[in-house]
Amino acid sequence: MLRWITRLVLLFALGLFAPGEAAARVAMHVGPPDVAAQKLVSWGSDPETAVLRQAATRQAAETQQAASSISYDFASGCLLPAENAGLRGVQLNKAIGDATADAIASRYPLALREVPMTTVGGVRRVDVLTLGERHLAIESKVGLTGLDSRIRQELARDWWLRRTGKVDDVIWEFTPSPITGQGGATPALLDKLNKLGIGTVGP
Amino acid sequence: MSAESSLVFYGLRFDVAASDIEQLELRKHPWIVKARSAGLHFYWANFGGLDPRYYFFMGRKIGITGLENSTEVVVNDADLATQISETKTKLKGAGFDEEPKLFAQLIPG
Numbered sequence: 217m218l219r220w221i222t223r224l225v226l227l228f229a230l231g232l233f234a235p236g237e238a239a240a241r242v243a244m245h246v247g248p249p250d251v252a253a254q255k256l257v258s259w260g261s262d263p264e265t266a267v268l269r270q271a272a273t274r275q276a277a278e279t280q281q282a283a284s285s286i287s288y289d290f291a292s293g294c295l296l297p298a299e300n301a302g303l304r305g306v307q308l309n310k311a312i313g314d315a316t317a318d319a320i321a322s323r324y325p326l327a328l329r330e331v332p333m334t335t336v337g338g339v340r341r342v343d344v345l346t347l348g349e350r351h352l353a354i355e356s357k358v359g360l361t362g363l364d365s366r367i368r369q370e371l372a373r374d375w376w377l378r379r380t381g382k383v384d385d386v387i388w389e390f391t392p393s394p395i396t397g398q399g400g401a402t403p404a405l406l407d408k409l410n411k412l413g414i415g416t417v418g419p
Numbered sequence: 005m006s007a008e009s010s011l012v013f014y015g016l017r018f019d020v021a022a023s024d025i026e027q028l029e030l031r032k033h034p035w036i037v038k039a040r041s042a043g044l045h046f047y048w049a050n051f052g053g054l055d056p057r058y059y060f061f062m063g064r065k066i067g068i069t070g071l072e073n074s075t076e077v078v079v080n081d082a083d084l085a086t087q088i089s090e091t092k093t094k095l096k097g098a099g100f101d102e103e104p105k106l107f108a109q110l111i112p113g
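Just so you know, the sequences run in chain order A and B. Under the working numbering, the first residue of the first sequence is numbered 217, with each subsequent residue one higher. Under the working numbering, the first residue of the second sequence is numbered 5, with each subsequent residue one higher.
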C-alpha cells in the first residue's frame, strides 16, 4: 500500500497522474538532451548550412522524443519500453532506427544527421555525416540486412559519393534488432561491401 | 537506416521465404531469371522494417516515391493502359496466370 501511495505522490509531483486514469498507461518522455541538436548549433553560418541545421535539429528533437517515450503500467508497476508505448509498425521502426543513428552521431565531436547528398543516380540521404578534417558518411542498419533491390541502390550511390570525393569514406554500421535479435549483413551483402571498399562495423 | 519510400508496381507480388533470399541476392532465383527473359521488371525488398517481411514483385515498376527517389509518379491514361496490357501479356508468356494487380507498397526506413 505504501508503495502505491509513494508512486502516486511521485506521479502527481511529475504532473503525470490524473484521477480516473489509474488503469491507463501514462506516457512520459525521459530522454536525455538532444545531443545531435546541441552539436549542430556551433557549426556553419552560411544559409545552406543553416537550413540543413534547422531541419536536422527539428527532426532529431522529434525522433528523440519518440524513441525515449516510455509508459508506466499501473497494473504491473513497471516501466514499459517504447514498443509498448503506442509506437507500432512504421513509427516504432523509425524511432529505433533514429535512436541508433543518433547514438552513432553522438560518438563524433561534430556530426550531422540525415544529410541529403546529390549523386548521379539521385539523392542519397546520409544517416550520419561527420564534419571536420574527414567527412565520413555512415549508414546505420538495424537488423539483419540483405542485398535486395533497395540496398543495391544505396550501395551504388554511396560508392559514387566516395568515388567523386563528396565524402572521404563510407562506413556501414550494423546493430542487432531489438525485436528479432538479429543483425549484421548477409554474406552476399558483406561480399558486395568489401568489393566496393565500403567499411563495416558491427556483427 | 534507409529513407522511407513507396513502391508503385503493377504485376504480381510473391512472399519471399528465408530460403529464397540467398538466390535473390545473387540474382539467380527462378523468379529473376523468368522476369529477365520475359522483359519484365522486378523489385524485391524488406517491406517490414525491423519485423522483416520480404516481397518480390514481378511485372512493371511504375515508380518509387520517397526522398531518395521520385517526388511523384504520373502516368497518363493511355500509357497506363499500354503498360497494363503489355505486362499481362508478358506475365502470361512467362507462365504466370495469376491476375496482376496495382500495388502501392510502403518501404519503411
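Since the hints were made in silico from the structure, they are not lab data. Idealized CB from N, CA, C, for every residue including glycine. It cannot be assumed that every hint is accurate.
Stated by the list, open to error - Going by beta-carbon spacing under 7 Å, a handful of chain A positions derived as facing chain B:
1. Q307
2. K310
3. V336
4. V339
5. S365
6. I387
7. G397
Hints and how they fare:
Taken as an interface hint, Q307(A) does not check out: its beta carbon lies about 10 Å from the nearest beta carbon of chain B, beyond 7 Å. Given the 7 Å rule on beta carbons, the hint for K310(A) holds: about 6 Å separates it from the nearest Cβ of chain B. Taking 7 Å as the C-beta contact cut-off toward chain B, the hint placing V336(A) at the interface is violated, the least distance being around 13 Å. Given the 7 Å rule on beta carbons, the hint for V339(A) holds: about 5 Å separates it from the nearest Cβ of chain B.
This hint holds: S365(A) has a C-beta 5 Å from the nearest C-beta of chain B, less than the 7 Å allowed. Interface restraint check: I387(A) against chain B, minimum CB-CB distance 14 Å, threshold 7 Å, status violated. Taking 7 Å as the C-beta contact cut-off toward chain B, the hint placing G397(A) at the interface is violated, the least distance being around 11 Å.
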